[in-house]
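Going line by line, the protein sequences match chains A and B.
So for the first sequence, our numbering puts the first residue at 3; every next one is plus one.
So for the second sequence, our numbering puts the first residue at 92; every next one is plus one.
What the hints contain is simulated information worked out from the structure, not anything from laboratory work.
Among these hints, one or two may not hold up.
[Claimed, not checked] Not everything, but these chain A residues come out facing chain B in the computed CB check (under 8 angstroms):
id	residue
1	ARG121
2	TRP133
3	GLN136
4	PHE179
5	MET180
6	LYS183
7	SER189
8	PRO260
9	VAL267
10	LEU310
11	ASP787
Here the structure is a predicted model, which is why all the values come from computation and not from measurement.
The beta carbon of each residue, even a glycine, is placed where N, CA and C say it ideally should be.
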Amino acid sequence: MSNPSASSRKITIEFDDQTPRWFMIASIFWGVVAMLVGVIAASQLNFWQANGHIFEMFTRFLNEGLGLSFIPIFDTDGIHFLTFGRLRPLHTNAAIFAFVGNMMFSGIYYSTQRLCSARTYSDLLSKIHFWGWQLIIVGAAISLPAGLTRGKEYAELIWPINLAVVIVWVIFALNFFMTLKVRRERSLYVALWFYIATIITVAMLYIVNHLQIPTSWVHAYPIFGGVQDALVQWWYGHNAVAFFLTTPILGIMYYFLPKAAERPVYSYKLSIVHFWSLVFIYIWAGPHHLLHTALPTWLQLLGMFFSLMLWAPSWGGMINGLLTLRGAWDKLRTDPVIKFFVVGITFYGMATFEGPLLSIRSVSALAHYTDWIVGHVHSGTLGWNGFMAAGMFYWLAPRFWGRELWSKSLANFHFWIGLTGILLYVASLWFAGIIQGLMLNETDETGTRLVNEFVQTVDKIQMLMLLRVIGGVFYLTGFLLLAVNIWKTARLGKAVNETREVYEDPELEKDRMVWGAVFRKDPVAYTFWCLFFCILWFFLPPGASHVAMLCTLGFAAMAWIQARRHATEWSAWYDELSENYLPFSVLVLIAVAIGGLVQIVPVVTVNRAKNIEDRLQKVYTPLELAGRDIYVSEGCYNCHSQMIRTLVPDVLRYGDYSRLGESIYDHPYQWGSKRTGPDLAREGGKRGDDWQYLHLMNPRSLSTGSRMPNYPWLAQHQTDFKALPSKIAVQRMIGVPYPIMTPDEIEQGAREQALEIAGRLVGKQVKIPVAKGHAEPTDANSARDYLAGTQAVALIAYLQKLGSFEEVAPKKKTPGQSPNPLRFGIPDEYRTGGMDVDPAPKSTAAQSGTTASNP
Amino acid sequence: MVLSDSTHGKGAIPSVSVMDVLYLTTLFSVLFAALFLVLFLRVRQKAESCADQDSLIPFRRFETLPDQSESNRSQDDFPTL
């Protein structure tokens, strides 16, 4: 903290409020876009025609129904860039990175300057950051509907945009940390800790999860595949929620809530415990997205364990936020800002209670892949992020434009319609998820036969899905009212930058901590040894692990005693740490890196070649690979999983449960996270090519009540055969064992397989909706030649390959051989008697078994 | 097919052991969370450093800048608590 000293002098500084003002406006604009796209996508789950076919229905009604013959009929079966598979990534990316991202930058730029008593380090960097981020969003808004995607949730953007994100993030980080460096406050306020954690952790997560090798300017394959990719993805995906949607908003809460309530945060000490426990624990929880899958059990348990622990720090933050209002609850009646903040924090508490609950494996067995998870996510984004954003915007607008908010009544109305919208939305998805989960798991009295068809469960929740849309419309309406309110406030006011008198003290004691004083201190030493032995406890075999456990407990007890005995010294150490931004940031980096290292490194280094569970995926042919890229591009993973869990209902419905080795060559993995349609892990060979073709052209012709859109353009768009050689070259680089082939061999092989499939389709006399401008095929040969070049055939080739594997015989263990107690290894190997297998396949083809008798 | 509800692969641990692990994991996690919450609620009573003074940084203004010398640190310049 800044002590006025003899060397200090008063100066007047002008804050850069233009940058946070711009970010706020951008956040509101993109928020409306994100929510509008969300409403359209949600409508498509009720009416598949909302993908563009509705235009034909409407114009046909006008033309033929009302006799308005001058209105042309808009003839379309759907518009390919408006399908759910393409809009859903646009919605999630817009909500996370455009709406919350811009809101977070607005709050960070505004509060950091005040907390540092310094103008942002560089106006130029601020401008580059703002415009760079908006360009990235525009790039996403164009590329995602165009089907240019990496096929990983919240990480869909293509590699050139990934590079731009990294560059802009580094610019943001540089600007932020340099502002900390030139600050005129000695101590870093708690909000800044959360911003530091955000910047460091998002950088780490983003870079690792986006490691990829390009095959063209718009396409790349991730270097991780199968289970590795799944683990890295959810380490990133879960912590995108943690460190993009939570920690920066907590920082904003710690600054703006006390300002709005006009009293300091309830407990600063509590915020210290809250911060460190949250950033350390959060990073471990990712595997709870993969419960009952082929992910090794030890990782699933670790993810569940840390998720349950996460309840505590999350509620610590909620309690600290709500109790800050002690003595100020009367403001709740009159101040819309406080209303939004209180409900936002309450939703944070609800969502962070629900999260650990859903991480319990038995609860996950019911809830995962259903709309319950979607409801949970939206209670976080609409309730926590959206309401915190609204509260902050209503608080900032009068300060940005130097006049009262245009209409407090409108803000209050926004609050009530928004809250009604969230409750309608979340409650309907809770019911929908639980109903669907129970129906999917229901068996007859023998327990061996499922009762409900998948599509019956979709029909059952139709009304609830409609309520969800209505809830979304309410919420969007409220947000539009916010936009109007802010717009009118800005129009009637004038943009102003705040000026403030501060002390300039060249001798301010900050950032002088030597590294030895940071690390060679009891708090760090005890934490290190506790963690070290805790990790050994987990990874060492029985016997040695017990010793490690005793060491962990011993160090924990010693730490407790020392902390009580030397409370003043420990406190002084932390006070000094919070006056030194660089050591503080390094400790944050270490705290967030540990979880990822412990979880990912063993899986990347050990499991890939060894733990394939007796099955090895068959490598895709060039045409199947092309079909897979179309599957990814269309966003099929948004509705279909490719992971049969180790649960009886899953096995009864879809076939034998998925093994680690069965997706080992999938770059990216496509296990999915939601089943709006059935699982496809063993789809291959279940049905004929003609069934698949007809289903793609019109799903309802084969499955009454299906919500899947028609995909007529798959029989019109051409497969890119020319791109295959470079794709296969990259596949080889990342470890997929393709034989050496010349580009001509690759293309010729793909075309020959396509002709075989197309020939079978023509033999079945399927209808071909040829592309406009293309001549109708006149005979069977020309029809076959035409179809062979289309995306539909490549996609069918891929779908028919799903579930293909080769059996791999397990290695025989030497009798009496026991694990070496001093050898490190993956915990499953020791604790489950996991097998060693010979990675070389010994038998040839073995198609998965399926249970045709079950729906 | 005999299928445990929570394991997979040959040589998987029997489901009873898994249930033990799950039960203990859940139990200890919830206990840990409860203890942490108690700690959270008690922690405010023990303000021994200048940390609580730092909670006033968002309210810092030149004209109201308090004297923050060591001797004055325990005084809270915020009147409404």
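Cross-check of the supplied hints:
no., hint, result
1, ARG121, "violated, 15 angstroms"
2, TRP133, "violated, 29 angstroms"
3, GLN136, "violated, 29 angstroms"
4, PHE179, "violated, 18 angstroms"
5, MET180, "violated, 19 angstroms"
6, LYS183, "violated, 17 angstroms"
7, SER189, "holds, 5 angstroms"
8, PRO260, "holds, 6 angstroms"
9, VAL267, "holds, 5 angstroms"
10, LEU310, "holds, 3 angstroms"
11, ASP787, "violated, 45 angstroms"
In summary, the structure is inconsistent with hints 1, 2, 3, 4, 5, 6 and 11 from the numbered list given earlier, while agreeing with the others.
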